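Visitor: These are the residues of each chain, in order.
Number of protein chains: 2
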Amino acid sequence: MTAMADWAARLSAARPVLDRASAAELVADVLRENVIDGSLPPGTRLSEETIGNLLGVSRNTLREAFRLLSHENLLVHELHRGVFVRKLAAADVADIYAMRRILETAGVRAAVTAPPEAVREVRRHVDEGQAAAESGDWAAVGTANMRFHRAITALLASPRVDETMARLLAELRLAFHVMGELRTFHEPYLEDNARIATLLIDGDHERAERELVAYFDTAEAQLLAAYAERGV
Amino acid sequence: MTAMADWAARLSAARPVLDRASAAELVADVLRENVIDGSLPPGTRLSEETIGNLLGVSRNTLREAFRLLSHENLLVHELHRGVFVRKLAAADVADIYAMRRILETAGVRAAVTAPPEAVREVRRHVDEGQAAAESGDWAAVGTANMRFHRAITALLASPRVDETMARLLAELRLAFHVMGELRTFHEPYLEDNARIATLLIDGDHERAERELVAYFDTAEAQLLAAYAERGV
DNA sequence: ATTAGAGGATTGTTCAACGATTCATCAAGC
DNA sequence: GCTTGATGAATCGTTGAACAATCCTCTAAT
Chain A
37 MTAMADWAAR LSAARPVLDR ASAAELVADV LRENVIDGSL PPGTRLSEET
87 IGNLLGVSRN TLREAFRLLS HENLLVHELH RGVFVRKLAA ADVADIYAMR
137 RILETAGVRA AVTAPPEAVR EVRRHVDEGQ AAAESGDWAA VGTANMRFHR
187 AITALLASPR VDETMARLLA ELRLAFHVMG ELRTFHEPYL EDNARIATLL
237 IDGDHERAER ELVAYFDTAE AQLLAAYAER GV
Chain S
37 MTAMADWAAR LSAARPVLDR ASAAELVADV LRENVIDGSL PPGTRLSEET
87 IGNLLGVSRN TLREAFRLLS HENLLVHELH RGVFVRKLAA ADVADIYAMR
137 RILETAGVRA AVTAPPEAVR EVRRHVDEGQ AAAESGDWAA VGTANMRFHR
187 AITALLASPR VDETMARLLA ELRLAFHVMG ELRTFHEPYL EDNARIATLL
237 IDGDHERAER ELVAYFDTAE AQLLAAYAER GV
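Note that the protein sequences, when read in sequence, are chains A and S. For the first sequence, the positions run 37 to 268 when my numbering is used. For the second sequence, the positions run 37 to 268 when my numbering is used.
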């Protein structure tokens with residue numbers, strides 16, 4: 037009975053991979069990648085004809101992909117004007133951090149009852165980030181940092197929280213483009229993350245929460261300062 | 037200067053009404069209504085041709101409407117099979133309540149710093165619900181109850197939290213269909229809501245939070261019991 | 001310098017068509 | 001009797017074209 041339950045669990049887990057065939061979703065994947073890594077900077081207009089020819093899909097399919105990404109808040113659709121890569125306003129950044137505070141502090145509090153391997157997963161992403169820093173790959177440090185924070189909310193073991201968090205962080209990447217040097221933005225937080233992970237493993241979730249909140253305050257302030265400087 | 041700010045505020049508030057020209061959104065509104073009120077029960081398959089003819093729109097427009105509602109988690113899209121009215125599993129109900137616990141308890145804690153009119157708004161929806169109960173309109177009691185809970189998370193003053201909460205509650209309505217009598221499900225909570233609102237206004241957010249958590253526990257248990265009974 | 005208008009380009013929407021996939025039916029084999 | 005495999009109908013996925021509506025740019029006139 038447990039053996040069969042195992043099959044069932046693994047098979048149903050593999051199911052979404054099989055469904056991954058829709059052309060619109062594939063196009064959305066490509067565009068999402070380019071938006072996130074900055075190839076398509078915020079404000080860029082995505083012409084239907086140009087991109088359609090470039091990717092070899094019809095306008096209808098392309099528009100469907102645009103809609104998918106609009107729902108993820110990565111593109112904005114303006115009636116009769118087209119779709120643009122989202123430009124995050126300062127208010128958006130503040131709102132994203134507000135929501136992160138709620139979800140991630142809840143995650144830290146859930147660490148007490150979460151399975152130990154989930155807590156270890158948090159630490160794993162810290163190590164990942166430090167390794168990337170040593171090789172000077174600051175973009176990789178950034179993604180490791182995001183995985184670290186996603187691992188924190190993963191302690192809640194809630195699919196909906198996970199998805200919300202993933203979307204929030206993808207959106208936040210749009211804001212990172214205003215930071216000139218990735219290094220100055222990511223490097224200082226490596227230590228913070230390590231400290232928080234240690235506190236979580238030690239079970240001192242109260243101090244972990246305080247440190248996390250402090251991180252939010254400084255990171256948000258840093259981003260907003262960069263925004264003010266650039267007058268966005 | 038303030039006069040101009042007034043114009044600006046009022047105009048930008050009226051803007052979404054103007055944009056409401058998309059055929060797909062109108063179609064989505066109709067379908068949403070029918071899904072929520074149970075005319076289209078969970079599991080129903082929505083044929084593109086049938087519904088397209090019924091509403092007199094092209095398949096493309098209809099597909100866009102489907103996508104809108106899929107994103108709201110009211111429909112599910114299965115590749116090459118079509119779209120279906122979402123069937124909420126017991127695990128989904130549990131997950132929705134997990135997320136509500138996080139967001140709404142955060143809302144209660146934010147009541148301390150929230151503007152007084154926002155707190156009064158919470159109480160207003162309690163009164164609404166009681167009025168609806170007196171006239172025996174239990175569906176209206178249900179919507180008032182949802183507005184009550186949305187008002188709680190509105191204390192956080194975060195657009196993203198508001199939207200997440202709205203989607204969660206719309207999704208949850210799909211689960212209400214398993215409850216036979218709406219009255220037995222909604223009536224007991226009128227008192228709870230009133231008590232919580234009073235505690236919020238009095239500033240006793242600690243007790244308010246405890247009461248809210250207790251409400252979640254019983255409401256969730258009641259729903260899950262109904263699920264188990266019907267073997268869904 | 002500002003405004004008004006014409007023209008071109010792009011998006012919004014629909015339609016028809018064809019290939020791809022699923023589902024139900026039915027026959028063959030163990 | 002049950003499973004396996006093939007057949008055909010129904011439906012979805014995608015494309016391309018067409019036309020209307022809207023926006024943008026450029027020119028010309030005041």
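Simulated from the structure, these hints should not be mistaken for laboratory data. Accuracy of the hints is not assured; some may be wrong.
Take a look, some chain A residues computed to stay more than 12 Å from chain S by CB distance [as the list claims (entries may be wrong)]: (1) Asn70; (2) Gly74; (3) Ile132; (4) Ala175; (5) Arg196; (6) Leu204; (7) Glu247; (8) Asp253.
Here are the in silico distance ranges between beta carbons for each label pair [said to hold, decoys possible]: (9) A:Gln166 x S:Ser75: 52 to 58 Å; (10) S:Arg246 x A:Ser94: 54 to 60 Å; (11) S:Ala250 x A:Thr149: 17 to 23 Å.
Only a predicted model underlies this, so the values are computations on that prediction, with no experimental measurement involved. From the three backbone atoms N, C-alpha and C, an ideal C-beta is built for every residue, glycine too.
Visitor: Which hints from the list above does the structure break, by number from lowest to highest?
Guide: Numbers 3, 5 and 6, in rising order.
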